[in-house]
Structure formats: structure tokens, C-alpha cells
Amino acid sequence: MKEFTWKVFCETGNIDTYLLYKELDQEITALSAVIPYDESLEEPPFH
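Heads up, the sequence shown is in numbering that gives the first Met the number 0, so the first residue is 0 and it goes up one at a time.
Check each hint, because a few of them may be wrong.
[Stated by the list, open to error] Estimated spans, in silico, between C-beta atoms of each pair:
#1 12 to 34: 28 to 34 Å
#2 0 to 33: 15 to 21 Å
#3 7 to 28: 17 to 23 Å
If you are wondering where the hints come from, they were derived from the structure by calculation, not from laboratory data.
The structure displayed is predicted, hence computed values, not measured ones.
We put the beta carbon where it would ideally sit given N, CA and C, even for glycine.
Work out the full structure: start from the sequences and follow the hints.
So this is what it looks like as C-alpha cells:
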């Protein structure tokens, strides 16, 4: 979801999409503090 939001922002430049991306990033960061991240389960995000 985060990668999709970033892609939409890059294509449109829509500030609301960027703010959604940042909100998702903060939630993922908060969850990673609670739930250990297993790098083998997910490809790294692209930017």
C-alpha cells in the first residue's frame, strides 16, 4: 500500500497523496517497534 501511494504521488504530485504516504510511513514505523520485521517476507520498498 505504501509503495502504491508513493507511485501515485510521483505520477500526480498530489499533496494529499503525499500526506497519506507519510501517514502510512509513520504507522508502519510505529508497528515495527511492536512487531519484529522479518526482511525475508517482503521486498524492500523502492523510492
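Should the hint that residue 7 and residue 28 are 17 to 23 Å apart at their CB atoms be regarded as holding?
Taking Cβ atoms as reference, residue 7 and residue 28 lie about 20 Å apart, which means the hint holds.
Using the beta carbons of residue 0 and residue 33, state whether their distance is inside 15 to 21 Å or not.
Given range 15 to 21 Å: holds, Cβ gap about 18 Å.
Is it true that residue 12 and residue 34 lie within 28 to 34 Å of each other by Cβ?
33 Å, holds
When each numbered hint is compared with the structure, no violation occurs for any of them.
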